[in-house]
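Chains A and B, in that order, give the protein sequences.
Read in order, the letters of the first sequence correspond to residues 283 to 423 in my numbering.
Read in order, the letters of the second sequence correspond to residues 72 to 465 in my numbering.
Derived by calculation from the structure, the hints in this document are not laboratory data.
One or more of the hints may lead you astray.
To be verified - Facing chain A, a subset of chain B residues (Cβ under 7 angstroms, in silico): (1) Met452; (2) Glu457; (3) Leu460.
Note that beta-carbon positions come from the ideal geometry of N, C-alpha and C, so glycine has one too.
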Amino acid sequence: MEYSEKVMDHFMNPRNVGEIEDASGVGTVGNAKCGDIMKVYLKIENDVVVDAKFKTFGCGAAVATSSMATELIKGRTIQEALQITNKAVMEALDGLPPVKVHCSCLAEEALHAALWDYAQKNNIVIEGLKEPVEDVHDTHH
Amino acid sequence: METKIYFDNAATTPVRQEVLQEMLPYFQDFYGNASSVYTIARKSKTALELARKQVADALGALPEEIYFTAGGSESDNMALKGVADALQKKGNHIITSKIEHHAILHTCEYLAEKGFEITYLDVDQDGKISLDDLKKSIRPTTILISIMFANNEIGTIQPIAEIGKIAKENGIYFHTDAVQAVGHVPINVKDMNIDLLSLSGHKLCGPKGIGAIYIRKGVQITPLIHGGAQEKHRRAGTENIPAIVGLGKAAELAVAELPQTAEKLTKLRDKLIHGIQEKIPYAKLNGHPTDRLPGNCNIGFEFIEGESLLLLLDSAGVAASSGSACTSGSLDPSHVLMAIGLPHEKAHGSLRLTLGHYNTEEEVDYVLNILPEIVERLRNMSPLYEEFLKKQKS
Chain A
283 MEYSEKVMDH
293 FMNPRNVGEI
303 EDASGVGTVG
313 NAKCGDIMKV
323 YLKIENDVVV
333 DAKFKTFGCG
343 AAVATSSMAT
353 ELIKGRTIQE
363 ALQITNKAVM
373 EALDGLPPVK
383 VHCSCLAEEA
393 LHAALWDYAQ
403 KNNIVIEGLK
413 EPVEDVHDTH
423 H
Chain B
72 METKIYFDNA
82 ATTPVRQEVL
92 QEMLPYFQDF
102 YGNASSVYTI
112 ARKSKTALEL
122 ARKQVADALG
132 ALPEEIYFTA
142 GGSESDNMAL
152 KGVADALQKK
162 GNHIITSKIE
172 HHAILHTCEY
182 LAEKGFEITY
192 LDVDQDGKIS
202 LDDLKKSIRP
212 TTILISIMFA
222 NNEIGTIQPI
232 AEIGKIAKEN
242 GIYFHTDAVQ
252 AVGHVPINVK
262 DMNIDLLSLS
272 GHKLCGPKGI
282 GAIYIRKGVQ
292 ITPLIHGGAQ
302 EKHRRAGTEN
312 IPAIVGLGKA
322 AELAVAELPQ
332 TAEKLTKLRD
342 KLIHGIQEKI
352 PYAKLNGHPT
362 DRLPGNCNIG
372 FEFIEGESLL
382 LLLDSAGVAA
392 SSGSACTSGS
402 LDPSHVLMAI
412 GLPHEKAHGS
422 LRLTLGHYNT
432 EEEVDYVLNI
442 LPEIVERLRN
452 MSPLYEEFLK
462 KQKS
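Could you build all of it, start to finish, from the sequences and the hints given here?
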């Protein structure tokens, strides 16, 4: 198993690590059982994601996909943010080894979970956004 | 970054210079088939029998009780399948443990599909089986007890002589997977009542792809590989003389130097274990504190995941391994760490550093120097650590 240079770059120098104190939405997905937990914080102003941070417990791919997913979502409108798929995260990282594809699914789910939390807090409905699932690994394996 | 420090000697070891030198003539100068009659072949035959004696001496066995195989996995397969086949009229029950190498566990699963009944003994939090459990699990149909000498992940050494005694008293064959133990801890198959023992070349600075099985005289066993008359009809195939010569030399050196090596590695290991625990909070030793392989250090770091730890260590030039699922390609962490009772998140955060012949105190110091920062870096990224700190504050 070998990671691409991009994956290694985002693992060694992860972007957006941290917390946002007054986050508009926070999403946590994964569980310790499978070895990956991602927590994404979003700051949303006027329907635009103005900041994104993450904390991740997991392997190199989990850290890299969290880093890339938060990079991709920054500056996007909510509707644009919904279009960020696990495939987009993978492509932006120049691919992932087959056994690590689930990490990109987790990253997509983490973004969605944070958006869901934002919608819940503000009593709004984001079209096309589904409630986050308990264990994403069950859905992707 | 280039690997500067190799702390993964339980995975494999480099071939020692003295071993390589012994091997080299058998590739191009003395390449004869040991079964042939001419001069050059007799060189091979002589080398084969010298290596057999070297391995036998390392175990306190007779040369005629040593059979060369392609490695530890083959020896384990031969012991289990061979005894199961030969004794199937006598019984169909095999006792092993939950922390065996996959070469044992997966072979047992295969035998279970064929109708054999397998008892997997639990281990305690240090990784030891209970002799009481062992005695209680013996049935009239038990034909084999297979318990590893020392564990590859956590280094725990089992009470082998006591197990051998119980097996002997009950007239049951006792096999031990001693791949991690040979050349690292003293072994005497006669004193310990071992009937079958598996060993591998590349764990003791010998070459890969070569191993041996000790089969006590009189033990009934069916061969795994049928064919020519090599190894007294018990293991067909033209002997890999260069590798066999390498294994013999490696075993001879390892056993001759064992007291000094064990003393040196135990010192380095304990410095590593105590140093890590002094410098890094929430770090727990996995495995038995004293009944463990001289070179084995296995530490569980809370709140972080093993693969990330390995990648950062690698970027600092250190080769190590982990029981994390992410390093194996499955979603489950190591069965050994689960068997000693670690919850998933702690099993994922384990780090195994295994020292060997070439390691030095400077290398231990270097790792002790860089590790705290690496662990801290990952913890600062971890939502589990964040949660833990918040809970502590409130």
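The hints, checked one at a time:
no. : hint   : verdict
1   : Met452 : holds (5 angstroms)
2   : Glu457 : holds (6 angstroms)
3   : Leu460 : violated (11 angstroms)
Consistency with the previously given hints fails for number 3 only.
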